[in-house]
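Colleague: These are the residues of each chain, in order.
Number of protein chains: 2
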Amino acid sequence: MKDVAARAGVGLKTVSRVVNGEPGVTPDTVRRVQESIDALGFRRNDSARVLRKGRTASIGLVLEDLADPFYGPMSRAVEEAARAHGALLIHGSSAEEPDREQELVLALCARRVDGLVIVPASDDHRYLEPEIAAGVATVFVDRPAGRIDADVVLSDSFSGARDGVAHLIAHGHRRIGFIGDRPRIHTATERLRGYRTAMAEAGLRVDDSWVALGSTEPERVRATACAMLDGAGQPPVTALFCGNNRVTVTVVRVLNGRVRPVALVGFDDFELADLLSPGVTVIAQDAAQLGRTASERLFRRLDGASDAPSHFLLPTRLIPRGSGELPPPADAL
Amino acid sequence: MKDVAARAGVGLKTVSRVVNGEPGVTPDTVRRVQESIDALGFRRNDSARVLRKGRTASIGLVLEDLADPFYGPMSRAVEEAARAHGALLIHGSSAEEPDREQELVLALCARRVDGLVIVPASDDHRYLEPEIAAGVATVFVDRPAGRIDADVVLSDSFSGARDGVAHLIAHGHRRIGFIGDRPRIHTATERLRGYRTAMAEAGLRVDDSWVALGSTEPERVRATACAMLDGAGQPPVTALFCGNNRVTVTVVRVLNGRVRPVALVGFDDFELADLLSPGVTVIAQDAAQLGRTASERLFRRLDGASDAPSHFLLPTRLIPRGSGELPPPADAL
Chain A
1 MKDVAARAGV
11 GLKTVSRVVN
21 GEPGVTPDTV
31 RRVQESIDAL
41 GFRRNDSARV
51 LRKGRTASIG
61 LVLEDLADPF
71 YGPMSRAVEE
81 AARAHGALLI
91 HGSSAEEPDR
101 EQELVLALCA
111 RRVDGLVIVP
121 ASDDHRYLEP
131 EIAAGVATVF
141 VDRPAGRIDA
151 DVVLSDSFSG
161 ARDGVAHLIA
171 HGHRRIGFIG
181 DRPRIHTATE
191 RLRGYRTAMA
201 EAGLRVDDSW
211 VALGSTEPER
221 VRATACAMLD
231 GAGQPPVTAL
241 FCGNNRVTVT
251 VVRVLNGRVR
261 PVALVGFDDF
271 ELADLLSPGV
281 TVIAQDAAQL
291 GRTASERLFR
301 RLDGASDAPS
311 HFLLPTRLIP
321 RGSGELPPPA
331 DAL
Chain B
1 MKDVAARAGV
11 GLKTVSRVVN
21 GEPGVTPDTV
31 RRVQESIDAL
41 GFRRNDSARV
51 LRKGRTASIG
61 LVLEDLADPF
71 YGPMSRAVEE
81 AARAHGALLI
91 HGSSAEEPDR
101 EQELVLALCA
111 RRVDGLVIVP
121 ASDDHRYLEP
131 EIAAGVATVF
141 VDRPAGRIDA
151 DVVLSDSFSG
161 ARDGVAHLIA
171 HGHRRIGFIG
181 DRPRIHTATE
191 RLRGYRTAMA
201 EAGLRVDDSW
211 VALGSTEPER
221 VRATACAMLD
231 GAGQPPVTAL
241 FCGNNRVTVT
251 VVRVLNGRVR
261 PVALVGFDDF
271 ELADLLSPGV
281 TVIAQDAAQL
291 GRTASERLFR
301 RLDGASDAPS
311 HFLLPTRLIP
321 RGSGELPPPA
331 DAL
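Protein sequences, first through last, are from chains A and B. For the first sequence, the numbering used here gives the first residue as 1, with consecutive numbering after it. For the second sequence, the numbering used here gives the first residue as 1, with consecutive numbering after it.
Hints are computed from structural coordinates only; laboratory data are not their basis. Don't take each hint at face value.
What the hints assert, rightly or not - Covered by chain A, per the in silico footprint, the following chain B stretches (three or more residues, Cβ under 8 Å):
{"hint": "1", "stretch": "2-16"}
{"hint": "2", "stretch": "24-37"}
{"hint": "3", "stretch": "103-109"}
{"hint": "4", "stretch": "243-257"}
{"hint": "5", "stretch": "271-284"}
As the list claims (entries may be wrong) - One-sided and incomplete, this derived list gives chain B residues near chain A with beta-carbon spacing under 8 Å:
{"hint": "6", "residue": "L66"}
{"hint": "7", "residue": "A67"}
{"hint": "8", "residue": "G72"}
Said to hold, decoys possible - The following residues of chain A were derived to be distant from chain B, with all beta-carbon distances above 12 Å:
{"hint": "9", "residue": "E79"}
{"hint": "10", "residue": "R100"}
{"hint": "11", "residue": "A170"}
{"hint": "12", "residue": "I319"}
{"hint": "13", "residue": "L326"}
Glycine residues also receive a C-beta, built at the ideal position from the N, C-alpha and C atoms.
Go ahead and model the full structure; you've got the sequences and the hints to work with.
Modeller: Take a look at the structure:
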């Protein structure tokens, strides 16, 4: 507020009058104060007060992909929490682009959302510091915040992937492929770390050709899976671990067209996974619980909680359904 | 603008000064004009100008259910169009409640979105008339606007359902059940009308117990499907037509647990439908094309098009995959 006053060349009292809409300020001064506010990103820290006063509060939810069904239950959980608190929920999608995330988040702040739940595409959130300082409650979910300290709610991607790969190893597999999302995505690298740890714990070598991070576009996943299954000079893999549901549904299609059975475990559960032949074994996240935990944290902040940021790590769960229990072919051992 | 001036007890020139942020107006007058603006819902018709001036425009997309995968490709198409026009997309969900829709739409307008794409939950949109008059471009998609004249983009639910039911009849079925969404939803009643028309065109009787509109909650759909399949005093149906993808995935689960094959056609395609056993025959909508057509219309309006509202009706497509080609059991004829 002092910075605003200094920049506008007025006293603190004048800034206060403008901000609170009180009379006794000339239009020219109002304009100078408002330009100063705009330039400095100053806002009243009134989120909690707004909620108490009964004005409809609004929460922004920033996802990375609207069409990924993983986010359906999470979004719905955030929405239910918002409704229970009488708040409106407004969403946006970053399309997995850091610039887009920043543009969207700041646009929501400019439209005076009281809080934000963010699935980040960016790995640097320092651009949010003025907003957080100005009172916008902010919780990151599914992926951590980058270069700022903030509330974060994650699934335990590392342990989940390690469990899934250990499950394939326990069913006799030695050559296991890992197909994951792009390497700048935190969940992708954590799941790869789980894969490598499970392989190392079993004393198994990992060939470079068995690991592929990249786009989850069907064409890329299909080509990658076929290369791993056909060997390309190496002995082929007998099992695949898929880094998320977008990868898994494409790999299910690839395997459906092949004669030799290939074992499969996918990270994320998905609709109808149990009705396929074989049923698809998955590492399930509790997407709704991610949304609920993030929302609880957010509304605690909006109610005035000012304790240090917390990190929550939610457990995953292996659901065996058939595909992950297929043994390797006898001639592949 | 005249109404604003009259209500505030000032001249037109003064209103113009306040709206354009010009000096020479006392704070008290500014406040009275602004209160008058708020009360009357007046806004400058500056959408097109804003787009031309290069400020980031924003589009609101109001859906009924975030977690319904049908809306994934539609949302993504609207988002791509928004990006191509340099506009931000902000979403919200009505959770299928008319009051929630109105609250959300007006909240987006209050945050000065330039345009709206709405999948309506309400059947009365007169509340939007002041916003539309004030220049908020508005297009309805998937369901029509209620009691106002506006641009509307729909799939041909009636013809699609008629085609799907005729397909079952062509494969020998005479007793066909229809399970659809709630009767106040336009697509639900249009699809029921298609069912009734196909049955009538084939000279087939429709028993009251074969038709059920209601919630798409799995419990309701499961109980309804079981009652139709077990007859409850009537001869049981030998085929089911499902009114949308939420109904279909539950019916697939019901049929999976039964010994006698039952034919099935669902409205809406869904992920993995082709990999089930049997593959699920569907009436596919082009959800992405719905989104694209609505967006094109919206951005034409934002570019200044002022022709009369148009209604677009997009065709559906029958995709035979096995479940809709199953004949009735020999002893059921």
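Colleague: Would the stated hint for L66 (chain B) survive a check requiring a Cβ distance to chain A of less than 8 Å?
Modeller: Holds: closest Cβ of chain A sits about 4 Å from L66 (chain B), inside 8 Å.
Colleague: At a Cβ distance under 8 Å, does chain A reach at least three residues of the stretch 271-284 of chain B?
Modeller: Contact hint for the stretch 271-284 of chain B vs chain A: holds, 5 residues under 8 Å.
Colleague: Test the statement that E79 (chain A) is away from the interface with chain B: the closest C-beta pair must be farther apart than 12 Å.
Modeller: Not fine: 6 Å to the nearest Cβ puts E79 (chain A) too close to chain B.
Colleague: Could you let me know if the closest chain B CB is still more than 12 Å away from the CB of I319 (chain A)?
Modeller: It holds; I319 (chain A) is separated from chain B by about 16 Å at its closest Cβ, greater than 12 Å.
Colleague: How about the stretch 103-109 of chain B: do at least three of its residues have a C-beta closer than 8 Å to a C-beta of chain A?
Modeller: It holds, with 4 qualifying residues against the three required.
Colleague: Quick check on A67 (chain B) please, does its C-beta sit within 8 Å of some C-beta on chain A?
Modeller: This interface hint holds because 3 Å falls under the 8 Å limit.
Colleague: Quick check: do three or more residues in the stretch 24-37 of chain B have a beta carbon closer than 8 Å to a beta carbon of chain A?
Modeller: holds (count 7)
Colleague: Using Cβ atoms and 12 Å as the threshold, tell me whether L326 (chain A) really stays out of contact range of chain B.
Modeller: With a cut-off of 12 Å, L326 (chain A) remains clear of chain B, as the shortest Cβ separation is near 17 Å.
Colleague: How does the coverage statement for the stretch 243-257 of chain B fare against chain A, requiring three or more residues with Cβ below 8 Å from a Cβ of that chain?
Modeller: holds (count 4)
Colleague: Does the claim that R100 (chain A) lies off the interface hold, with its Cβ farther than 12 Å from every Cβ of chain B?
Modeller: Since the minimum Cβ distance to chain B is about 8 Å, R100 (chain A) lies within 12 Å and the statement is violated.
Colleague: Once the closest CB in chain B is found, is it more than 12 Å from A170 (chain A)?
Modeller: Label holds. Min Cβ-Cβ 27 Å, cutoff 12 Å.
Colleague: For the stretch 2-16 of chain B, do three or more residues have a beta carbon lying closer than 8 Å to a beta carbon of chain A?
Modeller: violated (count 0)
Hints 1, 9, 10 from the list above are not met by this structure, while the remaining hints are.
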